[in-house]
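**Q** Protein sequence lines, in the order shown, are assigned to chains S and P.
This note's numbering numbers the first residue of the first sequence as 1 and each following residue consecutively.
This note's numbering numbers the first residue of the second sequence as 439 and each following residue consecutively.
Possibly wrong hints are sitting among the right ones.
As the list claims (entries may be wrong) - Covered, in the sense of this in silico footprint (three residues per stretch, anywhere, with C-beta under 8 Å from a C-beta of chain P), are these stretches of chain S:
no.: 1; segment: 3 to 17
no.: 2; segment: 207 to 214
no.: 3; segment: 342 to 351
no.: 4; segment: 359 to 367
Claimed, not checked - DSS-like mimics (lysine-lysine), calculated; alpha carbons at most 25 Å apart, straight line:
no.: 5; chain 1: P; residue 1: K442; chain 2: P; residue 2: K656
no.: 6; chain 1: P; residue 1: K442; chain 2: S; residue 2: K27
no.: 7; chain 1: S; residue 1: K213; chain 2: P; residue 2: K578
no.: 8; chain 1: P; residue 1: K656; chain 2: S; residue 2: K4
It should be emphasised that the hints constitute simulated quantities derived from the structure, not laboratory data.
Bear in mind the structure is a predicted one, so any value in this text is a computation, not a measurement.
Glycine included, C-beta positions come from ideal geometry on N, C-alpha and C.
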Amino acid sequence: MAFKITVIGGGSSTFTPQLMRLFLESKVLQGSTITLMDVDAHRLEVMDRLCQQLVQWEGADLVVKSTTDRRESLMGTDFVIAAISVGGMDAWEQDIEIPARYGIYMPIADTVGPGGIMRAFRHIPPLVAMCKDLEEVAPNAWVLNYTNPATANCIAMRRASAIQVVSLCTGTTVPRDGKFLADWIGVEPCLVAYPAPAGGLNHCAAILQLRLKDGRDAFPLIKERVIHPVLQWGLENYGILLYSWVHWTEFYPALCRLEAEYRGRLQGLWMKYGVPVHDMEHERARVRQWEQLVEQWARGDGERVSLAELPADESVQVVELIEALVENRNEIHVVNLPNQGAIENLPREAIVEVSSLVGGYGIRPVHVGPLPEPVAAMLRQHITAQELTVEAALTGDRHVALQAFLQDPQIAARLTPEETAALLDELLEAHADYLPQF
Amino acid sequence: MSYKITLIGGGSSTFTPELLQLFVKSEVLRGSTITLMDVDEHRLEVMDTLCRQVVQKEEVDLTIESTTDRRASLAGTDFVISAISVGGMDAWEQDIEIPARYGIYMPIADSIGPGGMMRAFRHIPPLVAMCQDLEQVAPKAWVFNYTNPATSNCIAMRRESTIEVVSLCTCSVFPRVLHPQMAKYLAAWTGAQPDDLVLPAPAGGLNHCAAILALRFKDGRDVFPLLQEHVSRPVIKWGLENYGILPYCDVHWTEFYPALSRLDEEYKGRLQGLKMRYDTVHNMENERARTRRWEQMAERLARGEGEISLDALPKDESVQVVELIEALVENRNEIHVVNVPNRGAIDNLPSDAIVEVSSLVGGYGIQPVHVGPLPEPVAAVLRQHVTVQELTVEAALTGDRHVALQAFLQDPQVSTKLTPEETAALLDELLKAHAAYLPQFC
């Protein structure tokens, strides 16, 4: 079938090759057009050449186009995959290091907390603008958003436009990954009943039940084998099986503790539970390596590249999702979308991460029951912070931004109101170039 | 795999053979035990003999048991299929004819209205007692209830026990497998085959008053405008034109809407068989004749006269219970339309109402899928019925005539036709007519 798929942020030298591999391998998408869009003309050109080269090598029936004009890239599109990074790694570094100077130590800082909130402030305006473009040039398109923070970005795009937006995350394939689950349980994959029902907020979600096909509860088996302390914490206290546990520590101040001594640079230090803080030096080196390799391939130097050499991540589910939609497969995937009652003790209009039916009638959440009430109470706190974050991002109102900061559990646990205001102001100033709305 | 499946009301000479065919054809149920339970010893014996002969003839690995002891039939069971009829056709006839004398004309009278409420009063006590037995002898069993009224019975069983109960209905396969007649029409109008449709389609409502909420061709076109233009069935046209939904069970729908429920022939003291605007009133004479034919045949076959074959048995392809059991035990994650607590799946019906809705059936049980809101005018009518059903269940459980009267006064059919005084007289006449089956009201 012939679809138009637009990749916003298509100049990425890691994500675009991963996607390209999935497009090339998809029988359903043969005949489709892949349009790469990026604001960085150089990176875009490199990716364009690589993708053209791959299509030719593989003899695939795909057309690759590229443009720096967002509106043009969206014209008549069927699916938009959005993975952008405003300010890149330099901005991310600030999101980690500035709060650290105030005593807020977070290992990733892209979801909640001061870093996550600033990331939302930077990304919501361009994502919303993209959706407004879509309303005019492709109102029936699906937006499949990979840009963090997945939740706040999804709230904003849905609130400010009529476009169908869901947020995806590479963490969410665990509940439908029979092999992964079987390894945890210690049985053969064919014995596990999967997909398992899952729910929560993005980066703070859990498998709510896990059974073997003969009906046995798999949680006690996992409890014996999985010794990771954060997983044990979830199973023992709440009877749920967390995935993305590094991200979970960011939602719970009690789980988020620096073990090394802070001496003016947080990146690379160890936190409790064996969690290292993301280090942009490593990230930059990794990306540089890929960029060089990809540039070399794109120039056509050396040997033909096989798909197996491309960066692979089996947890990128977006192509499976598109296939399930267009082929009415009625598969269960875990995605981020409006709750609408699927998780009883989270607000109906909240954007939740939940098991959903994907088929010819779109993406519909499945009722997975309540979360353990203490977990739901914590998530409701975060939902309020996310709502305030979105309002501040859309309006540029510093007062609402301060309310969001004051409400955030990480900040509330560590800073006085005066320190909170100082932190906000320092972050707004550091990111001022990317925050015209403020 | 080997399961125990209990049929409550297993003496039925139509439903039991229909189920038996499905059990015999199911690879998944090989090795299972089918336990028939009925209060009528003679009918039970006939069905027991017939089932054993079929199993033997077909050489399938199924064990047939039967008993009149309900508790024994439930001990250690995995699945209960309940299809009972307290008072049988004589009581049903009263449910149609007594309200008719008061000017309430309903073609089926087994869901709502005075007849539907009386049916709930008769069936809720034994069904609840069954669930209380299960709590002691098979607390993890699933109950698949086919006994009408599906909604009130399901509310009562879930309220009074911790057993997993869902109500099923033969109508509710339509959103999953297109009705053959509709498939034929669609093909004639558009050249489209059932394969060209995106199925299962999302569906929601209350049992006997539910609708397909969206229907598309695989190329993305909306089926509803085509249907609206061509469909001849007036209730389906009414639903499409006014609300943009496709009612299935269109005859039952007329009972939920007094405006659709009109007698077209003159009433002369007997309602059964008369023509209504969109249907003919059920006639127990025909029902009795049909059942008698089946009973005679079943008795003959059970005596060993005539050739037993699956083809000779009554068939109904809309009985989905075996598919449902297979989807549960094999983690198939299929979408079926069943009656379960709403829990937000239909935005504008109460979260704790028992609704008929598309649900995911697999290794983690039966979970409703969010299908969106109903058109608000339809939801408003259904919310009225939900209130009536709640009152009906309370009256059935307590035997409180005052609450029963509140249920009658609330019912849209009764409240549009009768004064409060007439309503009370009707209730009393019905309670008296059915007194033998209503010990809770004594």
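**Q** Next step is simple, just say for each hint if it's right about the structure.
**A** Do the hints match the structure? See the list:
no.	hint	in the structure
1	3 to 17	violated (count 0)
2	207 to 214	holds (count 3)
3	342 to 351	holds (count 3)
4	359 to 367	holds (count 7)
5	P/K442 - P/K656	40 Å, violated
6	P/K442 - S/K27	44 Å, violated
7	S/K213 - P/K578	16 Å, holds
8	P/K656 - S/K4	18 Å, holds
This entry does not satisfy hints 1, 5, 6, going by the numbered hints stated previously.
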